[in-house]
Amino acid sequence: MKIGAQPLDKHTENSEQVETQYGETEEPPTEVGAAVEEGDSETTAGPTTTSGHEGVRPGKSSVWDFKARGEPFLWGLGGCLVVGILMIVGFVVLILYNGLLTFFPAPIERVALRSGSVAAGELSRSEQYKPGPEVLAELPAEIRKRISENHDFAHRRLYRIGNYDLYNEDFQWIPDYDITGTTRPKDLFHVERLEWGPFIGTIKSLDLNGRVVSGKTLTLDELHTKHAQAVKRRGRIRSIERNQIAGVNYELERGRLKLRKIMLANGKHSAEYLKAQRDFEPRSATLEARHHELAKEAAALKEKDAKYTIALADVNGKEKLIKLSDVVRLFPANDLTFLQKVEIYFSRWWEFLSQDPREANTEGGVMPAIFGTLCMTMLMALAVAPFGIMAALYLREYAKQGRMVSLVRICVNNLAGVPSIVYGVFGLGFFAYVLGGSIDSIFYPERLPNPTYGTGGLLWASLTLALLTVPVVIVATEEALAAVPTSMREGSLACGASKWQTIKYIVLPRAMPGIMTGLILAMARGAGEVAPLMLVGVVKLAPELPIDHFFPYIHLDRSFMHLGFHIFDVGFQSRNSEAAKPMVYVTTLLLISLVFIMNAVSIVVRNRLKRKFFAGHF
Amino acid sequence: MSRYQDNPNETVYHTKAGPHGTLLSIEGFSLWYGASQALFDVSMTVEKGLVTALIGPSGCGKSTLLRAINRMNDLIDGLTTKGSMSLDGIDIYSPTVDVIGLRKTMGMVFQKPNPFPMSISDNVAYPLRVDGIRDKRTLEETVVKALKGSALWDEVKDRLNENALGLSGGQQQRLCIARAIAGEPDVLLMDEPCSALDPVATAKIEDLIDELKGRYTIVIVTHNMQQAARVSDNTAFMYLGKLIEYGETSRVFTNPKVEKTMEYVTGRFG
Chain A
1 MKIGAQPLDK HTENSEQVET QYGETEEPPT EVGAAVEEGD SETTAGPTTT
51 SGHEGVRPGK SSVWDFKARG EPFLWGLGGC LVVGILMIVG FVVLILYNGL
101 LTFFPAPIER VALRSGSVAA GELSRSEQYK PGPEVLAELP AEIRKRISEN
151 HDFAHRRLYR IGNYDLYNED FQWIPDYDIT GTTRPKDLFH VERLEWGPFI
201 GTIKSLDLNG RVVSGKTLTL DELHTKHAQA VKRRGRIRSI ERNQIAGVNY
251 ELERGRLKLR KIMLANGKHS AEYLKAQRDF EPRSATLEAR HHELAKEAAA
301 LKEKDAKYTI ALADVNGKEK LIKLSDVVRL FPANDLTFLQ KVEIYFSRWW
351 EFLSQDPREA NTEGGVMPAI FGTLCMTMLM ALAVAPFGIM AALYLREYAK
401 QGRMVSLVRI CVNNLAGVPS IVYGVFGLGF FAYVLGGSID SIFYPERLPN
451 PTYGTGGLLW ASLTLALLTV PVVIVATEEA LAAVPTSMRE GSLACGASKW
501 QTIKYIVLPR AMPGIMTGLI LAMARGAGEV APLMLVGVVK LAPELPIDHF
551 FPYIHLDRSF MHLGFHIFDV GFQSRNSEAA KPMVYVTTLL LISLVFIMNA
601 VSIVVRNRLK RKFFAGHF
Chain B
619 MSRYQDNPNE TVYHTKAGPH GTLLSIEGFS LWYGASQALF DVSMTVEKGL
669 VTALIGPSGC GKSTLLRAIN RMNDLIDGLT TKGSMSLDGI DIYSPTVDVI
719 GLRKTMGMVF QKPNPFPMSI SDNVAYPLRV DGIRDKRTLE ETVVKALKGS
769 ALWDEVKDRL NENALGLSGG QQQRLCIARA IAGEPDVLLM DEPCSALDPV
819 ATAKIEDLID ELKGRYTIVI VTHNMQQAAR VSDNTAFMYL GKLIEYGETS
869 RVFTNPKVEK TMEYVTGRFG
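Just so you know, the protein sequences line up as chains A and B, in that order.
When we follow the numbering used here, the leftmost residue of the first sequence carries the number 1, and every step to the right adds one.
When we follow the numbering used here, the leftmost residue of the second sequence carries the number 619, and every step to the right adds one.
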């Protein structure tokens, strides 16, 4: 070997050594395994086994051959892989099955009960159960006998009966022995409402501003047209309240804050403040007049809207009158063609993806959560990429490799293992309270004591997650930099390039695919992280999106919604866990798809870079 | 009594002065990697415009010597040197010397072709780019000139903007030569430029070295004695970090003064 090339080739040599090590490790376990098994058949391990090895000549005994080739270990290794794959596949199938089927409209069953009453609902699931002794005692002898023949087990079904406002529950268990018959009447409607969840029952009549249409003469087409008109009215009212009135309020608030800033800066009796106050008065008056006008318009619309009502009745005849515009969607569940079902399925998906949540997040959409998750992940990537890459560049390229650098490296690796909630606490304490508090007192004194940046928000959540994922990026970047061949660096240096030029033109572009891989990992981790976010800015319901049409358009101080937290909130914090369960699956599916899409995009970008740098030799 | 000189610790010189004088002179140069010494008191001169070959068995320090000329060894921690090396009167190892500027006066070609992952023309223009030259016409002219100079122009003139990694091994090495001569260096350092190439590509590179002779001063490290005999004017034989014999190629190969040299050039070891 040439002396000159010795130290520079160190890297390649190392990798060769690693390879041979791997190559060798395949063998020893075989022997160990064989030794243990033989040790069992004989008396002890150790020297006895060694002599056993010498005693049995390879090739003579087929059993020995079998062990020597490491067959059982091969099966063990393969088995581990299979278990891992099965778990992943099982998980994906579970999420896909439940998530994709949730929105498909289910038929409504009308169940006649032994007691003479009726119930109606969608069959949710069924199970075997053991009725309690007091329940059994009240049952007729014949049913009791049947249950005892079945090892004391009975079968029951869970129906989603809806009509929460009438029954105070959404779901009802009905034992099979209580059911005398089920039918699927075509006149039963599934009515999704803005409040109180679904209504399951029949349409009694429609009151269209005084013109009453009976449920019997009502055609489905007319119902849908009138409903579409009602939805449009609701949209108009909402647009006035949410956009126009909110805009006026925003303007007013801004004016007031400006005024207060001047007051804080110059004092309450200063000429500047008095002048500003005088200037603001006419503007404030116009705005307030506009507010009043809009409120009146909205009230008028609401009054008109209230005249369009729909009277519903449940299977037992209990009636309920609601505004037509409070209905989100209604359809005769037992009278749908397959195509209509598909239409409802997609319209529900669209609602889920594009609308705000309702009913404590258990219904409606998750648009703000999708938006918040995306915003936060991108901001995080923006923050983590330069920091991580620059830190790794210094560590790998400039720092003198020694004990100090090794120590830093160990610390960075350990940072990746710190529980994420600790980062959350740090983010709240340092970013929100210390940094945010200072920003508030310097730039936003007029808003105090209401915090602007002094509480959790999009910016602090992104930075906290950036901190959490920076070790991943540093480690990946360092590896990518180390993998750039020495010959490339030497070629560049020999051309008279400085170290920085070499890094800029040769090393960084070449390491980019590896760096991207690190960023992808960081983004995937960041997008799925929930615990620290609960402390630094994620809320159950955010009134406003972090990006809107009010200056400065991106509001980094706002709290936001996050899909991961949404899953937790819907699944474990809602009044009705049974009703929320499908939403948990759907939201999980969505979160996984989102992470998957973000990863896929980055992987495509990375592969393009790779193709550029690793085009075929020869 | 042998016809060879007995004392192997003394270098035997039998060079004649080049027609253009001396470009590089090395005097009493020793080099250590940490504690282990790689070069022992090497003294030699490289004649301007000629091809000087460094031969010797693996580990004899010929690559180290070559890399010492443009201070590529600086990248290694714990490197120490003694003695002097001067290029046209400039002390290469003076502490005040501008290493980057020094490297710009030398082109280097490596054992394995190492084109950068960019287009062919960007590869050739790289030395100018890092010099801060942005003028398109200058760059284009240089690229054409360097590619013609390295006998690659006819093969790549239609695909200057394609990735250089798509070229064959021999083409890549000629591209690296084009890159090395693009900056108009005084010296061309070649570290076993043909060891990764097939015979046809090797022949092309050797022809190219012949063509470049005269315009550039070339120092070439090679394992291949036939190659040294074919392309070089002067040959230095090194063994275990020492310069054993240095002189006109024909003399070193046909009439060596030291027994070790004879044994090596006749293939008895190495």
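Possibly wrong hints are sitting among the right ones.
[Said to hold, decoys possible] When the alpha-carbon atoms are kept at most 27 Å apart in a straight line, the in silico BS3-like pairs for lysine-lysine are as follows: (1) A:Lys499 - B:Lys754; (2) A:Lys499 - B:Lys700; (3) B:Lys700 - A:Lys504; (4) A:Lys610 - B:Lys700; (5) A:Lys130 - A:Lys610; (6) A:Lys400 - B:Lys775; (7) B:Lys775 - A:Lys499; (8) A:Lys216 - B:Lys700.
Don't read these hints as lab results, they were simulated from the structure.
How the hints compare with the structure:
1. A:Lys499 - B:Lys754: holds, 25 Å
2. A:Lys499 - B:Lys700: holds, 25 Å
3. B:Lys700 - A:Lys504: violated, 34 Å
4. A:Lys610 - B:Lys700: violated, 44 Å
5. A:Lys130 - A:Lys610: violated, 62 Å
6. A:Lys400 - B:Lys775: violated, 44 Å
7. B:Lys775 - A:Lys499: violated, 31 Å
8. A:Lys216 - B:Lys700: With Cα atoms ~108 Å apart, A:Lys216 and B:Lys700 exceed 27 Å; violated.
Hints 3, 4, 5, 6, 7, 8, counting from the list given before, are not met by this structure.
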